[in-house]
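Protein chains: 2
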Amino acid sequence: MLAQAQIPLRPNLNQDRKKATDNPRYQRTFRLEFKKTLRTVYVVGTVLKVNLNRCAPPGSKYVSVQCSPRVQYRISPPPAENVPLPIPFNEKTVLLITMDTASEVEMDSKLSVTYYEEKTKEMGKAVIHLTAVEISLDVDADRDGQVERNHPNKGSWVWGPNGHGAILLVNCDSERTYGKRPDSESDEISKVSDLKDMSPMVLRTRGPAKLPEGYKLAMHISQGGAESVRIYRARSTEGINQTLKNLFYSSFIKDYPLVLGSNDLTKEVPYAGGNAETNFYVEGLRFPDNNFEGLITISLSLLEPIAKGFPETPIFTDTVVFRVAPWIMTPNTLNPVEVLVCSTSDNYQFLKGMKKLVETSGSKMKICSQYMNRQDRWMQDEIEIGYIDSPHQRFPVVLDSPRDGGLQDFPYEELLGPDFGYVTRTAHDEVVSSLDSFGNLEVSPPVTVNGKNYPLGRIIIGVAFPTATEGRNMTKVVQEFLWAQKVQEPIALFSDWLLVGHVDEFLTFVPAPDRKGFRLLLASPDACYKLFLGLQNDGHGQAKMFDGLGAEEEITVDKILSDEKFRAENSYVQSCIDWNRDVLKRELGLDDDDIIDLPILFKVVEENRAVAFFPDMVNMIVLGKNLGIPKPFGPKVDGRCALESEMTSLMKGLGLSCTYIDDFVSYHKKLGEVHCGSNVRREQFTFKWWNLEM
Amino acid sequence: MLAQAQIPLRPNLNQDRKKATDNPRYQRTFRLEFKKTLRTVYVVGTVLKVNLNRCAPPGSKYVSVQCSPRVQYRISPPPAENVPLPIPFNEKTVLLITMDTASEVEMDSKLSVTYYEEKTKEMGKAVIHLTAVEISLDVDADRDGQVERNHPNKGSWVWGPNGHGAILLVNCDSERTYGKRPDSESDEISKVSDLKDMSPMVLRTRGPAKLPEGYKLAMHISQGGAESVRIYRARSTEGINQTLKNLFYSSFIKDYPLVLGSNDLTKEVPYAGGNAETNFYVEGLRFPDNNFEGLITISLSLLEPIAKGFPETPIFTDTVVFRVAPWIMTPNTLNPVEVLVCSTSDNYQFLKGMKKLVETSGSKMKICSQYMNRQDRWMQDEIEIGYIDSPHQRFPVVLDSPRDGGLQDFPYEELLGPDFGYVTRTAHDEVVSSLDSFGNLEVSPPVTVNGKNYPLGRIIIGVAFPTATEGRNMTKVVQEFLWAQKVQEPIALFSDWLLVGHVDEFLTFVPAPDRKGFRLLLASPDACYKLFLGLQNDGHGQAKMFDGLGAEEEITVDKILSDEKFRAENSYVQSCIDWNRDVLKRELGLDDDDIIDLPILFKVVEENRAVAFFPDMVNMIVLGKNLGIPKPFGPKVDGRCALESEMTSLMKGLGLSCTYIDDFVSYHKKLGEVHCGSNVRREQFTFKWWNLEM
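Line by line, the protein sequences are chains A and B. For the first sequence, position 476 matches number 476 in the UniProt record's numbering, and the numbering has no gaps at all. For the second sequence, position 357 matches number 357 in the UniProt record's numbering, and the numbering has no gaps at all.
Be aware that one or more of the hints could be misleading.
Remember, identical chains collapse to one label, so a pair may be satisfied in a single copy or spanning two.
[As the list claims (entries may be wrong)] Dumping the calculated DSS-like pairs for lysine-lysine here, alpha-carbon to alpha-carbon at most 30 Å:
#1 Lys476 - Lys308
#2 Lys92 - Lys603
#3 Lys544 - Lys36
#4 Lys670 - Lys603
#5 Lys486 - Lys476
#6 Lys565 - Lys36
#7 Lys452 - Lys486
Since the hints were made in silico from the structure, they are not lab data.
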């Protein structure tokens, strides 16, 4: 079997292998033993590096090398040209061995080194039997939805359109509809459809039918990785097509054994033999957070046996890196898919108004029943619907607030399901306040700030002044979660001046055809005073607010304008909003022309905190070009509400249509409005988060 | 007081202020109220931005502005040239107000806006009284040891020689010698000398003797920051010089009240009045770790009063950022300062040898008494001495291993002290194994790997194979600490093949005059077999190891070479070391010529793990050009130990001098050698860690 052919002094290593011989990443130190025959498995693409002096017998001065046809070698430093065999060697002489293709049978190749005392006086040989295999652990490192073969950068993760590195989803949806829980909480796959939520990973091997005795393959992750990931293997090696075919035949299979998880950091995986692909499915278990950056490394090693009782040596390791997809919020500028509202004993009129608006906007409406909401109507506050995205799968994910009102069970019971994920953060040793409601969690449209792009916008939350010795805050667990997602870097505003304390009480964003593609709308007592002074000036001082609205005492424009205390309260409110205005301009890169002041008044009530005086028009629902705005019941001029006229006129310039929804009794009087009482699932960004330049 | 002078339509804002007017970072939205006089404090360098339309009375069409001499303003969009006063305005007209210098008395400046119905028909004024102050929270953001004035980038942190951002030390030394504990554990300053370990921070203010009523300054940090930092204030405002003077007069002072810490995230700080500097001292409390990146933000805000019961509004905030200095290890290539060894009942000879070597190297020797070490002689294993560094202070810091042998109290009791810090990590719910000893924690000299510079070298630890289902590891708490320091990115080797399991059993680094400035020395059974075969070949097969050493049975070279089992054991050991050799070459960017193989044999004992067969020469102490090497007691040729000859010859080429120290009975037989039994405090790198390009 050993080819005795004369060995070329300048062996023709092909170019592919050249890289491996020069790159220490792929070199393995290998030992020969004089007068012994060793064996090893060689991985195509690597180099075996043998120091010829190490095992040389005393007195040996020359060496010659012989090998079978599939084996190539190179001697370094190279002997002088035309020196006949055997050649002299010294303590630095090394032999670099490679093979081009996988073996078809075990040990089908050999190489021997013959040592000589004198050029013609042979002392003996050191022999090695070789089995060549190809091994590649593959993922979708180029993010095109396909698991390519052996991506050169699969072992690292870089952001951006020219970046690389595979992506993992937290498997936080539930394939089951009954007895459900997020799929990531179970360590078995009960439905083939669940595989879609996992990242495909393929082990590609080529070689003899089986590995030489004692050699095996092992997959392994680090201790930190085990908390973040689970890996399943498809028992069949017939590939994904077969798997998808199964989908139609069986909805409940047990053909995907768990390979790695919290109990197993390393496990043997079968070597399939021949030219094979073994499919693995990688399941993300947790979102990036304070103590988890989101990166996960998975390795596959070829193990060489030593002897019973000794650890097997990993002689080749291939590594891939995943990043867990962040949870992403959707701003008002994205089109609505579904509007969520609560049905309560007293909100029939409101629901009717909403239904019409939703129909106009072409989206669906989902009504949460009284049984489920337990009279908690604040659909905005219990949940925030975002999404997770990867090249192979994307789905909406609801972030459940630690608020936990009557709606507490709604997100888990009614939203979680197939391709609808669920995540929550639980406060420990922390006070949960009204600021933890997600009316206090919004997101801006895409912006550019001092040259830095935020193509997914920036998250906005409300807190107390950092200088306040007492004040309410959003819980640390939720804040840390939001900051850790990284791709929509949050901004903290001052919302503790409000009794309810939510940013949606004084700001919203609407789409615009010009400038940055949106406008920031801010509640503005100054704008309202200006409007009312104008009315008074034009002789409408006796026009009444809340005209004919039984639920509230009517009040004239003159009366409002003459109330100095009320004026002072609104001056205070304006200064609070102005403070936020300055932060928003700075952090979102806005000019004054990007902002529209809406005429809205507040009153200061208990705890010296403010609530809206009349329905807070900024607390609107934005459905494409259709705005659902709390009907303000402002003073009427020529039969038309002056506040509505102003609002409609301001929005008309942006091509937006205003619908005023009566939420006075069922929401406004309970300290919320249209936005507080609704939620919207929106289309996802076309921009891919991994294309961010970080 | 209000200057009635005609206002220039194109006011001559000076160039310094230009930046502020264009940069939204420094703009504050300010509201005027028609027919009212408001007041505010203006911070020099910022811009007050007033929308002139907001408070305009109904019917007003023109506006004029008047101001006292120190006030400048600009109208935007600018009125057409040569338009006489008053000028027309619309809803977008804004007034930008600045002042060049601080006020000398409160409210010494004014600005008024007059509104007109027609050009000559005045309607009334809106007036603002202004007090200008200068405020700057300053740190050593340019890292030159001086707290410069208002560094433009003090609010961010960037690595590298062109980077910026201040540096903070963990105050982990102890100013006290008796009843001591790390200074960071106490929230008061008991000695002025402790201030040296903190980062200076200066609040520079200029303005009237006191702020207008209700205005105040507050310093604040985030919740995360409070776990990482404490801030003290010098009661005196006379500056650091005065403080240093105090040092000689008083060693125990209480003049440094705590401003911020875990109980106070925000606190008022005094406004000193006039042209003042208030000194603060910032104390780091924790090292970077898994859940703490090391960055800390400190802010100083000017608060404006609203009314009793309302939160004061921060109208100006200045922010500085610190990074906590990482713990840095010192490789063998740095010169020794002090050598630490234990005195035991049986190591007199060893101590004598060490003492001579230490004297030769010009360093000091510190002997840990039997009372303190309780017969635990493994000085290498209980501690690792590194250092922390900042532009203003640096000192050594001992990392105390969770090993906790007889030497457990030594680092705290005998090393911790003035300018000698202490840090430890405690294992919770984790098995502490022999791999947690710091003979298993080393650091390479500076290297460059594939173009990436590691000017502080790379940390090296030993663990089990990642593919091992059972095996010993270094505790997660220590590993996480090491990785979090970032500046000496660790490498994990395979050391679990050794019974004791420490990387110092098979590798060390020595200085070299050429190539990369060092050599990696590796234990090599192959090199020893080669040497012994050569001896046999030269007729010295009957030369004996352990010759005349009563403590061990003598054995001939022939006998050793004929023992096939022993040969196989050493083949296994060589393959383990070769595995590490390949990792080290790859991760340190080494060539074979950077590595020297030392002739050392091992034997496989209990648990199929290896121990050194004769004193393990690689387990040496490196003191500059002097090496203290375990005396190997090898076979003698012509009266000279062949192993010593070989070793001396290998080192001679590097200009290194070998001293062989007899550690046979007192260390080797107890499974350790010279390196295990000693520790070295070394000079610190001249390279500054903050100049790393990350």
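- Query: Of the hints given before, which are not true for this structure?
  - Reply: none
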